[in-house]
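Just so you know, the sequences run in chain order A and B. With the numbering used here, letter number 376 in the first sequence gets 378, and the count goes up by one each step, no holes. With the numbering used here, letter number 102 in the second sequence gets 199, and the count goes up by one each step, no holes.
It is possible that part of the hints are untrue.
Derived lysine-lysine pairs resembling DSBU-like cross-links, with alpha carbons at most 30 Å apart [unchecked claim]:
| hint | chain 1 | residue 1 | chain 2 | residue 2 |
| --- | --- | --- | --- | --- |
| 1 | B | K221 | A | K244 |
| 2 | A | K7 | B | K310 |
| 3 | B | K164 | A | K385 |
| 4 | A | K7 | B | K182 |
| 5 | B | K175 | A | K32 |
| 6 | A | K268 | B | K289 |
| 7 | A | K7 | B | K314 |
| 8 | B | K276 | B | K322 |
| 9 | B | K236 | A | K244 |
| 10 | B | K221 | A | K350 |
| 11 | B | K182 | B | K276 |
| 12 | B | K289 | A | K30 |
| 13 | B | K325 | A | K347 |
| 14 | B | K289 | A | K32 |
| 15 | B | K221 | A | K364 |
| 16 | A | K347 | B | K195 |
| 17 | B | K149 | A | K268 |
| 18 | B | K317 | A | K350 |
| 19 | A | K100 | B | K105 |
| 20 | A | K100 | B | K205 |
| 21 | A | K244 | B | K322 |
| 22 | B | K340 | A | K350 |
| 23 | A | K357 | B | K322 |
| 24 | A | K347 | B | K317 |
| 25 | B | K236 | B | K201 |
| 26 | B | K205 | A | K130 |
| 27 | A | K30 | B | K236 |
| 28 | B | K325 | A | K244 |
| 29 | A | K7 | B | K236 |
| 30 | B | K314 | A | K115 |
| 31 | B | K149 | A | K347 |
| 32 | B | K236 | A | K100 |
| 33 | B | K105 | A | K268 |
| 34 | B | K205 | A | K350 |
| 35 | A | K100 | B | K149 |
| 36 | A | K130 | B | K317 |
Going by beta-carbon spacing under 8 Å, a handful of chain A positions derived as facing chain B [as the list claims (entries may be wrong)]:
| hint | residue |
| --- | --- |
| 37 | L36 |
| 38 | G52 |
| 39 | R83 |
| 40 | A344 |
Simulated from the structure, these hints should not be mistaken for laboratory data. All residues carry an ideal CB built from backbone N, CA and C; glycine is no exception.
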Amino acid sequence: MLDEKRLTILTNGAKYDVSCSSSGSDRKFKSGELGNACLSGICHSFTPDGRCVSLLKILMSNDCVYDCAYCVNRRSLCTPRATAFPDEICELVMQFYKRNYIEGLFLSSAVVKSPDYTMELLFETVRKLRVIYRFNGYIHVKGIPFADSLLVERTAFYADRMSFNIELPSEKSLKLLAPQKEKNAIIAPMKMLAAERYGEFRSKKNFLPAGQTSQMIIGASPESDAHILRLTEYMYKNYRLKRIYYSSYIPTNPDNPYLPLNPVPKIREHRLYQADWLLRFYGFTAEEITDNDGNLPLEYDPKSVWALKHADLFPVEINSASFAMLVRVPGIGVRSAMRIVAARKYAKLGFDDLKRMRVALKRAKHFITCGGKFTGTEGESVKDFLIEPQYAANGQISMFDERFSRGQLYAGERPSLYGYSPSPAISALTGEL
Amino acid sequence: MTIFVTEKTVNGILRALYYSFTEKIIPDDVTDGSNYQPELGARFIKITADGKADETNAARVADALVKYGGASVLTSIKVCLLSCKNNVMLLAFNFAYKTLSARKNVCKNLSDPVVSEFVFTERKVLAERHLMTGFLRFKESENGVIYARYSPDNDVTQLLAQHFLQRFSGLPFIIHDVKRGVIAVSDGFRLKFDRTDLAANFRESENETEFEKLWKKYYKEVNVKERKNEKQQRGYMPLRYRKFMPETYED
Chain A
3 MLDEKRLTIL
13 TNGAKYDVSC
23 SSSGSDRKFK
33 SGELGNACLS
43 GICHSFTPDG
53 RCVSLLKILM
63 SNDCVYDCAY
73 CVNRRSLCTP
83 RATAFPDEIC
93 ELVMQFYKRN
103 YIEGLFLSSA
113 VVKSPDYTME
123 LLFETVRKLR
133 VIYRFNGYIH
143 VKGIPFADSL
153 LVERTAFYAD
163 RMSFNIELPS
173 EKSLKLLAPQ
183 KEKNAIIAPM
193 KMLAAERYGE
203 FRSKKNFLPA
213 GQTSQMIIGA
223 SPESDAHILR
233 LTEYMYKNYR
243 LKRIYYSSYI
253 PTNPDNPYLP
263 LNPVPKIREH
273 RLYQADWLLR
283 FYGFTAEEIT
293 DNDGNLPLEY
303 DPKSVWALKH
313 ADLFPVEINS
323 ASFAMLVRVP
333 GIGVRSAMRI
343 VAARKYAKLG
353 FDDLKRMRVA
363 LKRAKHFITC
373 GGKFTGTEGE
383 SVKDFLIEPQ
393 YAANGQISMF
403 DERFSRGQLY
413 AGERPSLYGY
423 SPSPAISALT
433 GEL
Chain B
98 MTIFVTEKTV
108 NGILRALYYS
118 FTEKIIPDDV
128 TDGSNYQPEL
138 GARFIKITAD
148 GKADETNAAR
158 VADALVKYGG
168 ASVLTSIKVC
178 LLSCKNNVML
188 LAFNFAYKTL
198 SARKNVCKNL
208 SDPVVSEFVF
218 TERKVLAERH
228 LMTGFLRFKE
238 SENGVIYARY
248 SPDNDVTQLL
258 AQHFLQRFSG
268 LPFIIHDVKR
278 GVIAVSDGFR
288 LKFDRTDLAA
298 NFRESENETE
308 FEKLWKKYYK
318 EVNVKERKNE
328 KQQRGYMPLR
338 YRKFMPETYE
348 D
């Protein structure tokens, strides 16, 4: 049985990985086996940092041969090291699952000895869990770059989801902060798995039911939000990723001159996620929501920024606007838009009806009319109603105020090492990862 | 004021509907008679299965409801009746009445007050069921049966037990709603529901404390201290549910 000490070490090594979702797979129950998966995913607990605990997120080992500057498991760091045996992990998963503590396993690992050796350990663990322990719940396995492609594929066969971390948003940063990793070693297996899952030779129907995801650290390197979102868009389009996670950099290495000293404000991460949702569910493109090479404004959400810039398209009439236009109204989400489109077939909708339908009008009312009626505010003062409260307290701020340029907000950050030049979405990957 | 008294089940509602349509009486309230404070001069009509509104006629109403409102309408009514709201029976009755008189599926017509209240009540029950599929905590007993206690706002034990019957296929379990005294018992393959006021005579298995300790340790360590956000935690995991979740206990 895994003892408390090693559990502590292996959990601490894994906890900065953001992904903990258990959604996307509807693995059906099998008679006599433990577990199934739920399409929507299930959160089993929430920690005081507000994140959900869905999977047992644990490393196989934190004894890494790599020395990535941003990582808590880097070789040069003096920290306790531990390794678990496959059976220990399996037992813990079965016992936790039975008590309904967790929804499944998220297995990752530092690179022990060599990528192939590590991947084999991961493979052995998930194979045992499925075949010997007969566990039928959710499994997410992290892929190890440079590992043999056959090993990766065979591991994927037992998993619901697999992910290779992009780590940093450009090849340049990767070279600087994670010199032992290479763009191609991360991209190639993703490509292979995507081809396996979606390609024309797809033979296994249930191969990686929950698809692939990836993660990048933001704020450890100088890339702009526009760059990050273009890369994100490219990954969604070309590798059919289910999701990309952003993890704002938490300073763990004060000695490295290339890394910032202060943490990235959480609101930046939040804005990136909002933009990411706009890309995936709202029909926006990265070009629409970002400036050429700028960051997302922190004081407004990206959809409001877009709406303010396109004031000529608003207000829209609730009773006739298309679904695509409705979801572009700040405050109206996909679910509200669906409700509106369905309900207006029965009767003409007014503001009271929208309230009853639980459509949030706080922001939306400035951008819509109901039967020709408008109850919002026009002109510049709309901005006062859309601003993030924490910024409103400081008085009026213009949307692209200089005060919020990186220079001041990220006080204490070292000057960037290399200039950033904007590039179109395609070259985001070919040229700079 | 006319008040229908019937069972708090889908069949009870169906019988009330049959009675209402044949006698051409629209009730001001529908109740099962428990905890009910009648107004002065209220007229009670008791609808029982041995009267005109019997099982055969209830089945006819059910067929009509499915024909107009779609296959899921009976399930929706069943789920809605599990809500802790005190006017659910009237709500379910009115919704079904609306479907039958409109002769079409009205559940997307959310601008209608009756429909929206019904749909959001149903959704609230399902939302709590979903939360509980995550928050329920089992303990293992000496003989291998796993046992969970909880106290949900709505009566979701039936719905929840179905979920765990699939998940823990072959593993006997007991789910105990301590607020209502309802238990769901599974032998691993079949479900049985019962009422009990007794605390179960429960002896933990040998390893139980050990794994609970490991879980608490894991919960503590996986938290990122630099990003404290207890407000968000409270939003997702309300305090009232934490009573039965060992990881949230202070040491």
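Hint check, failures only: Numbers 3, 4, 6, 8, 9, 13, 17, 18, 19, 20, 22, 23, 24, 25, 26, 31, 33, 35 and 39, in rising order.
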